[in-house]
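These are the residues of each chain, in order.
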Amino acid sequence: MSIFIDGSTRLVVQGITGRDGSFHARQMIEYGTNVVAGVTPGKGGQTFDGSVPVFDTVADAVEETGANASVIYVPAAFASSAIFEAADAGVDLIVCITEGVPVADTMRALPYVREKGARLIGPNCPGLIAPGIGKVGILPGQIVAPGPVGIVSRSGTLTYEVIFQFTRQGIGQSTCVGIGGDPLIGTNFVDCLQAFEADPETRAVAMIGEIGGTDEQVAAEFVRDHMSKPVVGFIAGQTAPPGRRMGHAGAIISGSEGTAAEKVKVFRECGIAVAERPADLVGLVDSGLRG
Amino acid sequence: MNIHEYQAKEILRAHGVPVPPGEIATTPEEAERIAAAFGGMVVVKAQVHAGGRGKAGGVKLADDAADARDKAGAILGLEIKGLTVEKVLITPAEDIASEAYLGIVMDRGSQSDVIMVSSEGGIDIEEVAATNPDAIQKLAVDARYGLLPHQASGLAFGLYDDPKLARQAARIISQLYEAYRAAGCTLAEINPLISTPAGEVKAIDAKMNIDDSALFRLPDVEAMRDEASENLFERKAREAGLSYIPLDGDVGCCVNGAGLAMATMDLVKYYGGEPANFLDIGGSSNPEKVVTAFEIIMSDPAVKSILFNIFGGITRCDDVANGIVEATRRIDVGLPIAIRLTGTNEDVAVEILKENGFEAMTDMDEVVKRAVELAAGSAG
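Protein chains in written order, with our numbering: chain A, 1 to 291; chain B, 1 to 380.
Next comes chain A alone, as it looks inside the complex (with noise of 0.2 angstroms):
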């Protein structure tokens, strides 16, 4: 099993005849996920690589094939009008790669999203793999391998980095996540882990964080309180430098810096082992597993 997506994911990818969206089908379609459709907008009826068909719209794209995902590969400028077609369509899951996406915009997008009753991972994220399944995003499919670890992330190659770790030890994984590094996401750590804890397959989870916010805190709570499963954590930015913070208002919100060593802090109080390099994130979820 795997979390969000599974052999009944009909992916369609907006974007389909740009850059990165043409490249990425391509690679996602090589890894064995079900493309369906492409959209672009004033590219309907043509058909991406002779086999994948084309449409103007995402509804003319759902109501033609099915599609019950998307994967927006679009420039920033248009990524949350991406977000609002996608929901609107009634797809349940909607990715979104795209980076520099105006925090006003995803503002706006979430709720939306919520009301449709569909589920935003990102944006500005790799998106997600599960082994041997499907991926829908930018995860690189060769350096994965199936197992019962469940990998989630606020970053995009430090994620890659985990993921290479743990294969070449010889440890699968059940999805990887990459939620994404802008301050406003769709899904958060606390989903992910609320998946992975209901997922039978997966028996660890691996959770790299960063500096900055509080999510890893509020998720580091839901561990301590609602998992049943072994966690453990990296967060990456112990030796980034303090900011030159203007103004009070971040601090009087949250109460917080977001510091790596209050984050490692919350988290051992929370009872997830915090390794010290990535590397050492692969015995501390071995130990867990055989605990």
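One thing to keep in mind: the hints can contain errors.
[Stated by the list, open to error] Derived Cβ-Cβ restraints for the label pairs, each shown as a range:
id : chain 1 : residue 1 : chain 2 : residue 2 : range
1  : B       : D161      : A       : S228      : 51 to 57 angstroms
2  : B       : D162      : A       : S228      : 56 to 62 angstroms
3  : B       : D347      : A       : M1        : 30 to 36 angstroms
4  : B       : G154      : A       : E262      : 29 to 35 angstroms
5  : A       : E262      : B       : D347      : 39 to 45 angstroms
6  : B       : E10       : A       : E262      : 33 to 39 angstroms
Because the hints were derived from the structure by calculation, they are not lab data. Source: prediction; values computed, not measured. Note that beta-carbon positions come from the ideal geometry of N, C-alpha and C, so glycine has one too.
Chain A is already provided as a structure; the job is to place chain B on it using the hints.
Just chain B now, kept in the frame of chain A:
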């Protein structure tokens, strides 16, 4: 992006917020002339992208124009949190009856803009938040409807008992919210919002942080960027689409992705070294970006070794390898380089590097250890 107080005040004025007049001086003589034109007492305020200006001696009251010259002389050139003060704002001193706090911030937790007001404004507002959180009213704005008039009014009546003051404050809260939205802010703050003995409510300080991702559609705000507040190489990096933060160590780092870059710096420290910088070359890198990265890293004379840690996804390892070869051809690097490349087109990249006499590693821990040894001069 941060903008200065005087720029934030311009934006507020454009949205109707009552802000006392003010002008910028870059020399003590200019400060004197501006203060003389205002007449009476003035405040001389450092314009620098850092909080805690007052506590650092960057805000001073001056009795008259001559005093303003002296105070400006003391503040200009002052270093506040590593930043040199290049400009001061001269503004008439106000009679203050009360000081309130008014702020709007993009809140990750509630995924909305949250307006915060407190009648206990001033520099100790964070102390108030920590010890007496009930003294701060908070309101999460629903982005679909914006700030509704009754909400602004409700916050304002929580600030002032006097209806005349409350009505002015309600208008200012709405205007601040409009300014926040229009300028693509993630934070906008008026602290303090004062009332005068004559019964006027005014903004006498302002701060704004702008969402970098919104700047592409806000040319007027982009034009407020203070390039003097970045060093030459920070600017060069930004223009090349790299993100670069100089640090104090001697291992120059070049990594793709912010999370991996931070983890690499942490690992340098773990193996006993000190990172010289944070440098993220981003996705879809071309060889030219790598050349720029070299120039930026080498601009720091403290750097003793250069560490490449690339995990190819969108970034192609062969692009990075070509960039390394190209850069070392064009520039006399003269420093040892440790390279790790894994992922997309790794094999091609390793070939390119080998042909040009470079060694390529595939393990992150190994390459970091190597770079730390090279910096320490102990590698064989």
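CB of D347 of chain B to CB of M1 of chain A, is that within 30 to 36 angstroms?
-> 34 angstroms, holds
Can you let me know if the beta-carbon spacing of E262 of chain A and D347 of chain B is within 39 to 45 angstroms?
-> 42 angstroms, holds
Can the suggested window of 51 to 57 angstroms be confirmed for the beta-carbon pair D161 of chain B and S228 of chain A?
-> 54 angstroms, holds
Cβ distance range 56 to 62 angstroms for D162 of chain B and S228 of chain A, holds or violated = Holds - the Cβ-Cβ distance for D162 of chain B and S228 of chain A, about 57 angstroms, lies within 56 to 62 angstroms.
Outcome for the supplied range 33 to 39 angstroms, where the beta carbon pair is E10 of chain B and E262 of chain A | 36 angstroms, holds
Taking 29 to 35 angstroms as the hint, is the beta-carbon distance of G154 of chain B and E262 of chain A inside that range?
-> 34 angstroms, holds
Hint check: no violations occur; every hint is consistent with the structure.
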